[in-house]
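Chemist: Using the sequences and the hints, build the whole thing.
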Amino acid sequence: QRTMKVLLLTGLGALFFAYYWDDNFDPASLQGARVLLTGANAGVGEELAYHYARLGSHLVLTAHTEALLQKVVGNCRKLGAPKVFYIAADMASPEAPESVVQFALDKLGGLDYLVLNHIGGAPAGTRARTPQATRWLMQVNFLSYVQLTSRALPSLTDSKGSLVVVSSLLGRVPTSFSTPYSAAKLALDGFFGSLRRELDVQDVNVAITMCVLGLRDRASAAEAVRGVTRVKASPGPKAALAVIRGGATRAAGVFYPWRFHLLCLLRPWLPRPRAWFIRQDLNVTAAAAA
Numbered sequence: 001q002r003t004m005k006v007l008l009l010t011g012l013g014a015l016f017f018a019y020y021w022d023d024n025f026d027p028a029s030l031q032g033a034r035v036l037l038t039g040a041n042a043g044v045g046e047e048l049a050y051h052y053a054r055l056g057s058h059l060v061l062t063a064h065t066e067a068l069l070q071k072v073v074g075n076c077r078k079l080g081a082p083k084v085f086y087i088a089a090d091m092a093s094p095e096a097p098e099s100v101v102q103f104a105l106d107k108l109g110g111l112d113y114l115v116l117n118h119i120g121g122a123p124a125g126t127r128a129r130t131p132q133a134t135r136w137l138m139q140v141n142f143l144s145y146v147q148l149t150s151r152a153l154p155s156l157t158d159s160k161g162s163l164v165v166v167s168s169l170l171g172r173v174p175t176s177f178s179t180p181y182s183a184a185k186l187a188l189d190g191f192f193g194s195l196r197r198e199l200d201v202q203d204v205n206v207a208i209t210m211c212v213l214g215l216r217d218r219a220s221a222a223e224a225v226r227g228v229t230r231v232k233a234s235p236g237p238k239a240a241l242a243v244i245r246g247g248a249t250r251a252a253g254v255f256y257p258w259r260f261h262l263l264c265l266l267r268p269w270l271p272r273p274r275a276w277f278i279r280q281d282l283n284v285t286a287a288a289a290a
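Going left to right, the sequence shown walks through residues 1 to 290 as the working numbering numbers them.
Since the hints were made in silico from the structure, they are not lab data.
Note that the Cβ used here is the ideal one computed from N, Cα and C, for glycine as well.
Certain hints may be false.
What follows is a set of in silico ranges between Cβ atoms, one per label pair, in the way DEER data are often shown [said to hold, decoys possible]:
#1 D26 with D158: 13 to 23 Å
#2 P94 with S194: 34 to 44 Å
#3 P27 with G253: 17 to 27 Å
#4 Q132 with G56: 42 to 52 Å
#5 L241 with K160: 38 to 48 Å
Each computed EDC-like pair below joins lysine to aspartate or glutamate, with the alpha-carbon atoms no more than 16 Å apart [said to hold, decoys possible]:
#6 K83 with D106
#7 K160 with D200
#8 K160 with D189
Modeler: What follows is the structure in structure tokens.
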């Protein structure tokens with residue numbers, strides 16, 4: 001029995017090594033690419049903007065904080081972005097997605113990449129699952145993604161472009177005290193998974209890359225879960241590069257850190273160990289009191 005376990009783990013290790021080693025990423029493919037990036041004012045979104053700028057992409061950046069956006073735009077210009085524009089927008093407003101995509105189309109003449117990265121966070125705890133909080137989170141974290149995609153899809157179809165959706169492990173493995181946030185991320189997984197199938201059967205050459213990341217490396221994310229979780233944030237630059245590589249190679253999925261892929265694969269088979277691991281990362285007393 002022990003020999004079988006060793007063989008199984010060795011086989012899984014070889015499979016993951018082969019999966020992640022097979023990478024045909026060509027940085028030159030992003031030179032001149034027209035990119036609309038949401039949530040670009042901090043954390044992974046800010047690092048995504050800087051990577052795209054270094055690679056010579058044309059950028060439209062959006063987030064809700066104009067002052068932070070202006071800083072990121074200035075840095076992108078210093079890093080060599082040929083064109084970079086910004087539009088401040090609050091995705092809690094149902095009118096914002098339409099205006100953001102139209103702005104990008106006007107400035108860039110079309111889109112090759114739509115990178116959906118913005119999040120509306122909520123403090124972890126039982127009070128975060130009120131109907132009002134859930135409604136707000138669903139608008140920011142799910143419905144605005146649907147609106148942005150619907151408006152940008154005709155241009156992406158023309159360019160044979162890519163949709164890159166930055167999601168969360170909570171969209172695959174729900175955990176405690178994150179009810180509305182998990183609901184929105186699970187909805188993203190279902191919507192874009194179904195959309196991928198629809199595009200396939202209609203022979204529409206638009207790639208969809210779902211990116212499963214851990215805790216975001218940004219102050220707001222850390223503050224929201226302070227004292228509740230022991231999980232460490234993913235480093236922004238490395239996570240951002242993984243997202244860009246996945247989008248450029250038209251991969252179906254990106255997992256960062258890579259062990260999240262293993263956790264998602266094992267989820268149906270090991271429910272009790274999964275629950276045990278989640279408890280190790282969660283301060284249940286603090287979460288319940290929040």
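Chemist: For each hint given before, does the structure comply? Return the numbers of the non-compliant ones in rising order.
Modeler: 2, 5, 8
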